[in-house]
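Asks: Here is what each chain is made of, one letter per residue.
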Amino acid sequence: MPDYKEIINKLFSDNIDQESFNIFKTDLSARISKNLSFYKIKFKLTDTSQALVESYTEDLVQEIFYIILTSKDFFSQIQHLDNEQYTKVCSKWLNTTIRNTTINFLKGKGILNRTDLSSVYSEEQDYFIQAYDDPTEDFVTELISTCCIEEFFASLDDDEKKVVRLKLLDRDLKQKGIAKELNFSEAKVSRIFERIKEKYYKNKK
Amino acid sequence: MKTNLINLLTEFYLDKEFERTEDCPDEATLYKYVCSCLDKQKMEKVKKHIIECDYCLKKILEIREAEEIETVKEDKELTKKIYQILNNVPQNFIKLKIKQQKDEFSIWSIGESPIFKPIIESLIPTSTVPSYGLSLLMFKQDKILRKTKIGDIDIQIEIVPVSQHELRISFLFTKNKLPQKDAYVKIDDKEFLSSKEGKIDVVLPVKEKYKVQIIPQDTAQFNFDILLTKSQ
Numbered sequence: 001m002p003d004y005k006e007i008i009n010k011l012f013s014d015n016i017d018q019e020s021f022n023i024f025k026t027d028l029s030a031r032i033s034k035n036l037s038f039y040k041i042k043f044k045l046t047d048t049s050q051a052l053v054e055s056y057t058e059d060l061v062q063e064i065f066y067i068i069l070t071s072k073d074f075f076s077q078i079q080h081l082d083n084e085q086y087t088k089v090c091s092k093w094l095n096t097t098i099r100n101t102t103i104n105f106l107k108g109k110g111i112l113n114r115t116d117l118s119s120v121y122s123e124e125q126d127y128f129i130q131a132y133d134d135p136t137e138d139f140v141t142e143l144i145s146t147c148c149i150e151e152f153f154a155s156l157d158d159d160e161k162k163v164v165r166l167k168l169l170d171r172d173l174k175q176k177g178i179a180k181e182l183n184f185s186e187a188k189v190s191r192i193f194e195r196i197k198e199k200y201y202k203n204k205k
Numbered sequence: 001m002k003t004n005l006i007n008l009l010t011e012f013y014l015d016k017e018f019e020r021t022e023d024c025p026d027e028a029t030l031y032k033y034v035c036s037c038l039d040k041q042k043m044e045k046v047k048k049h050i051i052e053c054d055y056c057l058k059k060i061l062e063i064r065e066a067e068e069i070e071t072v073k074e075d076k077e078l079t080k081k082i083y084q085i086l087n088n089v090p091q092n093f094i095k096l097k098i099k100q101q102k103d104e105f106s107i108w109s110i111g112e113s114p115i116f117k118p119i120i121e122s123l124i125p126t127s128t129v130p131s132y133g134l135s136l137l138m139f140k141q142d143k144i145l146r147k148t149k150i151g152d153i154d155i156q157i158e159i160v161p162v163s164q165h166e167l168r169i170s171f172l173f174t175k176n177k178l179p180q181k182d183a184y185v186k187i188d189d190k191e192f193l194s195s196k197e198g199k200i201d202v203v204l205p206v207k208e209k210y211k212v213q214i215i216p217q218d219t220a221q222f223n224f225d226i227l228l229t230k231s232q
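Protein chains in written order, with this note's numbering: chain A, 1 to 205; chain B, 1 to 232.
Don't take every hint at face value.
In silico lysine to aspartate or glutamate, EDC-like type, Cα no more than 16 Å apart, as pairs [what the hints assert, rightly or not]: (1) A/162 <-> B/52; (2) A/72 <-> B/26; (3) A/40 <-> B/68; (4) B/16 <-> A/150; (5) B/181 <-> B/197; (6) A/197 <-> A/150; (7) A/92 <-> B/68; (8) A/107 <-> A/54; (9) A/188 <-> A/158; (10) B/47 <-> A/181; (11) A/92 <-> B/62; (12) A/180 <-> B/44; (13) B/16 <-> A/151; (14) B/209 <-> B/225; (15) B/81 <-> A/59; (16) A/174 <-> A/194; (17) B/48 <-> A/158; (18) B/48 <-> A/159; (19) B/48 <-> A/181; (20) B/76 <-> A/27; (21) B/80 <-> A/54; (22) B/48 <-> A/170; (23) A/161 <-> B/54; (24) B/81 <-> A/54; (25) A/107 <-> A/59; (26) A/107 <-> B/15; (27) A/161 <-> A/181; (28) A/92 <-> B/65; (29) B/47 <-> B/23; (30) B/80 <-> A/58; (31) A/92 <-> B/70; (32) A/107 <-> B/17; (33) B/40 <-> A/181; (34) A/161 <-> B/52; (35) B/80 <-> A/27.
What the hints contain is simulated information worked out from the structure, not anything from laboratory work. Only a predicted model underlies this, so the values are computations on that prediction, with no experimental measurement involved.
Go ahead and model the full structure; you've got the sequences and the hints to work with.
Replies: As structure tokens, this is what we get:
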């Protein structure tokens with residue numbers, strides 16, 4: 001991993017040497033490339049859509065680079081971190097910025113829309129499903145559509161939403177841990193889980 | 001087939017837009033939280049907020065998904081192509097954008113071009129002209145060329161500086177590779193009709209914004225702004 005603190009500081013002080021800049025561009029290229037590959041698989045883009053993405057790659061790369069160059073404020077807010085922490089934060093920020101720019105780009109060009117999200121749950125996409133396997137099995141359910149999920153989410157009350165958010169934040173958290181985090185009794189968390197399941201099945205039908 | 005509600009909710013959050021609130025921590029704090037770079041007290045405070053906030057949870061889930069992308073096998077050919085593109089993007093540039101209603105995207109960046117540079121400098125007051133040090137490491141681009149399609153009409157747009165004060169904007173309309181005459185373009189208040197070769201050539205004074213309306217045929221039209229904006 002490149003020493004991002006040094007590279008970014010040089011970049012923003014207009015003092016970057018060619019070697020550091022090449023390291024930066026090489027790292028950035030790999031990140032953008034992986035990102036495009038990821039979404040081609042995740043959203044199962046058709047050949048036509050893939051060709052469209054390819055024809056717009058230059059625009060996308062320019063936009064990502066532009067966003068990096070106009071994010072001086074973000075980098076100044078992490079300037080106090082030591083090199084290791086800075087690189088960690090910077091790496092995540094770069095990946096997320098590339099991810100968000102790509103998604104906005106795909107949506108903006110009409111290559112991706114809401115209904116495409118259903119492709120994420122197809123049988124060929126077991127990779128994603130396995131990657132998210134929930135060890136507590138509190139929420140193991142059958143496949144439902146994105147539309148039902150929206151209605152299901154809207155039907156949750158504040159406590160149920162808190163439990164859901166906490167579970168999304170920390171997938172390994174079990175009932176006991178959730179109770180402790182939210183200052184609820186275990187019995188209350190258990191009842192909340194039951195209600196969530198009931199609402200889920202109700203909306204599924 | 002079985003899947004997991006947590007996955008579905010994750011995708012739901014990633015797809016949905018949530019409102020940022022006044023209490024939301026700034027972007028840097030969320031990244032520091034994910035990387036455990038905050039002290040214990042602040043970590044707890046941010047966590048407490050996320051449990052109450054859909055907007056911040058979505059941000060965290062975006063960061064997580066982006067992490068997952070790191071594990072994808074790299075397509076070396078694509079990486080090479082992207083590197084070549086990056087090699088051509090200057091650090092300090094005037095950004096030329098096409099702006100539509102919801103779709104705003106930069107389409108060209110102009111760097112240290114000997115032809116475009118005077119135009120860039122004429123748009124930016126001398127005192128704020130950024131250093132071009134980094135741009136010198138990169139490419140020199142003298143022409144802007146863009147291809148697009150509206151319905152079954154192919155449109156090529158070219159922008160070339162004629163002098164320090166004028167730009168030539170050219171359009172070429174074709175249908176199945178044959179010239180499309182009677183295509184119509186309106187730039188600001190001026191109207192232009194394509195020739196029998198399907199061409200429109202317009203020389204305009206340099207300015208920051210042009211409002212463009214393209215009507216390649218009766219049934220379709222395309223409105224956008226060409227913006228010349230500073231990157232810094």
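Asks: Work down the list of hints and note, for each, if the structure agrees.
Replies: So, going through the hints one by one against the coordinates:
1. For the given pair, residue 162 of chain A sits about 6 Å from residue 52 of chain B by alpha-carbon distance, which is consistent with the 16 Å threshold.
2. Taking the CA atoms of residue 72 of chain A and residue 26 of chain B, the gap is near 14 Å; set against the 16 Å cutoff, the hint holds.
3. Our distance criterion of 16 Å between C-alpha atoms is met by residue 40 of chain A and residue 68 of chain B, whose separation comes to about 14 Å.
4. For the hint pairing residue 16 of chain B with residue 150 of chain A, the CA-to-CA distance comes to about 9 Å; that is within 16 Å, so the pair holds.
5. With a C-alpha separation of about 7 Å, the suggested pair residue 181 of chain B and residue 197 of chain B falls inside the 16 Å cut-off, and the hint holds.
6. About 15 Å separates the Cα atoms of residue 197 of chain A and residue 150 of chain A, which keeps this hinted pair within 16 Å; it holds.
7. A C-alpha spacing of about 10 Å is found between residue 92 of chain A and residue 68 of chain B, which places the hinted pair at or below 16 Å, so the restraint holds.
8. As the CA atoms of residue 107 of chain A and residue 54 of chain A are separated by approximately 15 Å, the hinted pair is consistent with the 16 Å bound.
9. A threshold of 16 Å between alpha carbons decides the hint, and for residue 188 of chain A with residue 158 of chain A the separation of about 13 Å falls inside it, so the pair holds.
10. Annotation: proposed proximity of residue 47 of chain B to residue 181 of chain A holds, straight-line Cα distance about 10 Å (limit 16 Å).
11. Taken as a hint, the residue 92 of chain A and residue 62 of chain B pair is honoured in the structure, with Cα atoms around 10 Å apart against an allowance of 16 Å.
12. Distance check on the hinted pair: residue 180 of chain A and residue 44 of chain B sit about 13 Å apart at the alpha-carbon level, within 16 Å; holds.
13. Under the criterion of a C-alpha separation no larger than 16 Å, the hint pairing residue 16 of chain B with residue 151 of chain A is consistent with the structure, at around 13 Å.
14. Simply put, residue 209 of chain B and residue 225 of chain B have alpha-carbon atoms about 7 Å apart, close enough for the 16 Å limit, and the pair holds.
15. Between residue 81 of chain B and residue 59 of chain A the CA atoms are separated by roughly 13 Å; this keeps the pair inside 16 Å, and the hint holds.
16. With a C-alpha separation of about 14 Å, the suggested pair residue 174 of chain A and residue 194 of chain A falls inside the 16 Å cut-off, and the hint holds.
17. Only pairs whose Cα atoms come within 16 Å are accepted, and residue 48 of chain B paired with residue 158 of chain A is accepted, the gap being roughly 14 Å.
18. Restraint check for residue 48 of chain B and residue 159 of chain A: the C-alpha separation of about 13 Å stays at or below 16 Å, so the hint holds.
19. Under the criterion of a C-alpha separation no larger than 16 Å, the hint pairing residue 48 of chain B with residue 181 of chain A is consistent with the structure, at around 9 Å.
20. For the hint pairing residue 76 of chain B with residue 27 of chain A, the CA-to-CA distance comes to about 12 Å; that is within 16 Å, so the pair holds.
21. A threshold of 16 Å between alpha carbons decides the hint, and for residue 80 of chain B with residue 54 of chain A the separation of about 13 Å falls inside it, so the pair holds.
22. Distance check on the hinted pair: residue 48 of chain B and residue 170 of chain A sit about 13 Å apart at the alpha-carbon level, within 16 Å; holds.
23. As the CA atoms of residue 161 of chain A and residue 54 of chain B are separated by approximately 9 Å, the hinted pair is consistent with the 16 Å bound.
24. Simply put, residue 81 of chain B and residue 54 of chain A have alpha-carbon atoms about 10 Å apart, close enough for the 16 Å limit, and the pair holds.
25. In summary, the hint linking residue 107 of chain A to residue 59 of chain A is supported, as the alpha carbons are separated by about 14 Å, within the 16 Å threshold.
26. Between residue 107 of chain A and residue 15 of chain B the alpha-carbon distance is near 11 Å, which keeps this suggested pair within the 16 Å criterion.
27. The suggested pairing of residue 161 of chain A with residue 181 of chain A holds, with an alpha-carbon distance near 14 Å, which does not exceed 16 Å.
28. Restraint check for residue 92 of chain A and residue 65 of chain B: satisfied, since their Cα atoms lie roughly 10 Å apart, inside the 16 Å limit.
29. This hinted pair checks out: residue 47 of chain B and residue 23 of chain B have alpha carbons roughly 13 Å apart, not beyond 16 Å.
30. A threshold of 16 Å between alpha carbons decides the hint, and for residue 80 of chain B with residue 58 of chain A the separation of about 13 Å falls inside it, so the pair holds.
31. For the hint linking residue 92 of chain A to residue 70 of chain B, the alpha-carbon distance of about 10 Å falls within 16 Å, and the restraint holds.
32. Taking the CA atoms of residue 107 of chain A and residue 17 of chain B, the gap is near 13 Å; set against the 16 Å cutoff, the hint holds.
33. Taken as a hint, the residue 40 of chain B and residue 181 of chain A pair is honoured in the structure, with Cα atoms around 15 Å apart against an allowance of 16 Å.
34. For the given pair, residue 161 of chain A sits about 8 Å from residue 52 of chain B by alpha-carbon distance, which is consistent with the 16 Å threshold.
35. With a CA separation close to 11 Å, the supplied pair residue 80 of chain B and residue 27 of chain A stays within the 16 Å bound.
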